[in-house]
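Student: Sequence:
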Amino acid sequence: MPTSPATTSRERLNRARVLAAAVEVADAGGFDGLTMRRLADRLGVVPMALYKHVTDKHDLLDGMIDLVFAEVAIPAGEGWRAALHTRASSMRDALLRHPWAVGRMETGTPGPANLRHHNAVLACLRRDAGFSFRAAVHASNLMDAYVYGFALQEKTLAGDIPAEAARRRNAVAHRGPSEMEEYPFLAEVVTELARTGFSFPDEFRFGLDLILDGLARLIPGTTGDGPDSP
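Sequential numbering from 1 applies to the sequence shown in the numbering used here.
You may find that some hints are simply not true.
[Unchecked claim] Keeping only pairs whose Cα atoms sit at most 20 Å apart, straight-line, the calculated EDC-like set for lysine to aspartate or glutamate is:
hint: 1; residue 1: K155; residue 2: D32
hint: 2; residue 1: K155; residue 2: E106
hint: 3; residue 1: K57; residue 2: E78
hint: 4; residue 1: K155; residue 2: D27
hint: 5; residue 1: K52; residue 2: D62
hint: 6; residue 1: K52; residue 2: E106
hint: 7; residue 1: K57; residue 2: D93
hint: 8; residue 1: K52; residue 2: D41
hint: 9; residue 1: K155; residue 2: E203
hint: 10; residue 1: K155; residue 2: D213
hint: 11; residue 1: K57; residue 2: E106
hint: 12; residue 1: K155; residue 2: D56
hint: 13; residue 1: K155; residue 2: D41
hint: 14; residue 1: K155; residue 2: E78
hint: 15; residue 1: K52; residue 2: D66
hint: 16; residue 1: K155; residue 2: D144
hint: 17; residue 1: K57; residue 2: D32
Honestly, the hints are just simulated from the structure, not real lab data.
Generate coordinates for the entire structure from the input sequences, incorporating the hints supplied.
Tutor: Below you can see the structure in the form of structure tokens.
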């Protein structure tokens, strides 16, 4: 008796396929648009078949987040500063590919790629750079706050910043010169950005370099107040 396509899909179904398909669906329509029924349709199975491989949507999200972590470069072998720079840039790139993951990377139960990633970051700070335990915790939290916060800003701000700046400039200008005079520095921002342009990658690197400069002061033997400074 011939095997139907749906039966064949069910026989081949596994957790890896379910998670990969869920990431594709979320990439296309966001995590809120990801339902078990939509995922099942994507895989050509009935929704109940998914529950052999994921417990619920929370378990599904944990696995999806782990796939994102698996895409991020693990800091190793290039000097602590260069390694952290590569890691931060790689994380930003991953979040650009998977904007649904912004704000969700540190939630839920961590998977193996998640654990390997965080352990490698701490190893880079503790073993390679020589940070104390407390300074390494500070540094790790600061880096995450910057990368995740920048990703959130990049996700929510207008994609074309110069065009948005020009629109706001025109909106203010139509209200009359008095408002331009009342907010001179904002007027300067919208005028200059419309003229010179704006680059998210350049802004990201600028902030990242400032943070790494500051973190370097926490390493014993460098200038600053010491590795355990608050």
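Student: Please work out if K57 and D32 have their alpha carbons no farther apart than 20 Å.
Tutor: Within the cut-off at roughly 11 Å; holds.
Student: Taking 20 Å as the top limit, are the C-alpha atoms of K155 and D41 close enough?
Tutor: Violated, at about 28 Å.
Student: Tell me if the straight-line CA distance from K155 to E106 falls inside 20 Å.
Tutor: holds (17 Å)
Student: Are the Cα positions of K155 and D32 separated by 20 Å at most?
Tutor: This hinted pair holds, its Cα atoms lying about 16 Å apart.
Student: Mind checking the alpha carbons of K57 and E106 for me, to see if they're no more than 20 Å apart?
Tutor: holds (16 Å)
Student: Tell me if the straight-line CA distance from K155 to D213 falls inside 20 Å.
Tutor: violated (26 Å)
Student: Regarding the pair K52 and D41, is the alpha-carbon distance no greater than 20 Å?
Tutor: Holds. K52 to D41 sits at ~16 Å (cutoff 20 Å).
Student: Quick one, are K155 and E78 close enough, alpha carbons at most 20 Å?
Tutor: Violated. K155 to E78 sits at ~30 Å, over the 20 Å cutoff.
Student: Would the hint linking K155 and D27 be met if the CA-CA limit is 20 Å?
Tutor: Answer holds: K155 to D27 is near 13 Å, not above 20 Å.
Student: Run the distance test for K52 versus D66: straight-line Cα separation, threshold 20 Å.
Tutor: Holds, because 19 Å separates the two Cα atoms, which is no more than 20 Å.
Student: Would the pair K57 and E78 pass a check requiring their Cα atoms to be no farther apart than 20 Å?
Tutor: Roughly 38 Å separates the two Cα atoms, so the pair is violated.
Student: Mind checking the alpha carbons of K52 and E106 for me, to see if they're no more than 20 Å apart?
Tutor: violated (25 Å)
Against the hints set out earlier in the document, violations occur for numbers 3, 6, 7, 10, 12, 13, 14.
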